[in-house]
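In the working numbering, the protein residues as written are 20 to 322.
Don't read these hints as lab results, they were simulated from the structure.
Every residue, glycine too, gets a C-beta built ideally from N, C-alpha and C.
Check each hint, because a few of them may be wrong.
[As the list claims (entries may be wrong)] What follows is a list of derived Cβ distance ranges for each label pair:
| no. | residue 1 | residue 2 | range |
| --- | --- | --- | --- |
| 1 | P204 | R317 | 35 to 41 Å |
| 2 | L148 | R317 | 30 to 36 Å |
| 3 | G290 | A162 | 35 to 41 Å |
| 4 | P204 | I315 | 20 to 26 Å |
| 5 | A98 | V293 | 24 to 30 Å |
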Amino acid sequence: MPNFPPDLRQWYYFAAVAEERHFGRAAARLSMTQPPLSQAIRSLERELGVELFARTKRAVALTAVGEALLPTVLKLLAAAEELPALAKSLALGETGRLSLAFVSIADYGLLPSLLREFGMRYPLVRLQLTEATSDVQIEELVAGHIDAGLIIPPLPPRYVAELSYLPLLSEPLVLAMPSAASTAPDDVPIHLKEVADLPLVIFPRRLAPRFYDAIMECYSDVGVVPHIGQEAIQMQTIVSLVSAGMGVALVPQSLRNLRRTGVVYRPLAHGSFVVETGLVWRKGDIGHVLASFINIVRTLASA
Numbered sequence: 020m021p022n023f024p025p026d027l028r029q030w031y032y033f034a035a036v037a038e039e040r041h042f043g044r045a046a047a048r049l050s051m052t053q054p055p056l057s058q059a060i061r062s063l064e065r066e067l068g069v070e071l072f073a074r075t076k077r078a079v080a081l082t083a084v085g086e087a088l089l090p091t092v093l094k095l096l097a098a099a100e101e102l103p104a105l106a107k108s109l110a111l112g113e114t115g116r117l118s119l120a121f122v123s124i125a126d127y128g129l130l131p132s133l134l135r136e137f138g139m140r141y142p143l144v145r146l147q148l149t150e151a152t153s154d155v156q157i158e159e160l161v162a163g164h165i166d167a168g169l170i171i172p173p174l175p176p177r178y179v180a181e182l183s184y185l186p187l188l189s190e191p192l193v194l195a196m197p198s199a200a201s202t203a204p205d206d207v208p209i210h211l212k213e214v215a216d217l218p219l220v221i222f223p224r225r226l227a228p229r230f231y232d233a234i235m236e237c238y239s240d241v242g243v244v245p246h247i248g249q250e251a252i253q254m255q256t257i258v259s260l261v262s263a264g265m266g267v268a269l270v271p272q273s274l275r276n277l278r279r280t281g282v283v284y285r286p287l288a289h290g291s292f293v294v295e296t297g298l299v300w301r302k303g304d305i306g307h308v309l310a311s312f313i314n315i316v317r318t319l320a321s322a
């Protein structure tokens, strides 16, 4: 049988005697008689193999060991008193940790408002945020390395049975183009035929197949076959390449919030093409913190 260390009650007795410097006053404070308290302190000293108090007929003083132990004991007892409230907070999803990954487009639209709302409601939850493409997020999620992710669908068929998905935001695509190539203000719609000779900067299809296909559909609907000039996996990089005059890009409307010198964002004059972003998590693996986060996502999605 293991040798268990002294329990909290013994340390509580020690702290009372140490603070009162008197067994009688400490016993009264603890609502007990003095003999059991004296016995408990003796028992604690035997277990530790050291004397904690120097006793005389008129006074009780801490030994050097007792003096050194007291600050740590007081911290221990304070932490123990907080445990019931902490347990309740954990059960309600009010404290803990949430590991969330997100695609780069979320950073310019839904993510800031989502984090603000969650932070206001659950300030004690520690968020661990990671930017990653949808395919990386799904692999990390299945492996148990993150709790949830904001992705561009679809889910890979092999993981549909393992993951839950909640649509959150659908937004139209706009054209990001070099300001030098734009002949009108950025609120004036543009037809893709007007920029058919400019290279297209785009996500690799393997990383965001639905997004990639939506962009290709935009072009095919107007009878244009785009020339893909560059591929990039981050929206910031795509917009930077547009700013550098490397081509044009179809991006979610929320990217208008990413202001970059030399870039204008113009709505499309044809069609109503949208890109969707949603939350994904493991089925049957929903802790209290994640459940609280999902509830906020549902509320924002229905607003």
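Consistency of the hints with the structure:
no. : hint                     : verdict
1   : P204 to R317: 35 to 41 Å : 38 Å, holds
2   : L148 to R317: 30 to 36 Å : 20 Å, violated
3   : G290 to A162: 35 to 41 Å : 38 Å, holds
4   : P204 to I315: 20 to 26 Å : 37 Å, violated
5   : A98 to V293: 24 to 30 Å  : 51 Å, violated
This entry does not satisfy hints 2, 4 and 5, going by the numbered hints stated previously.
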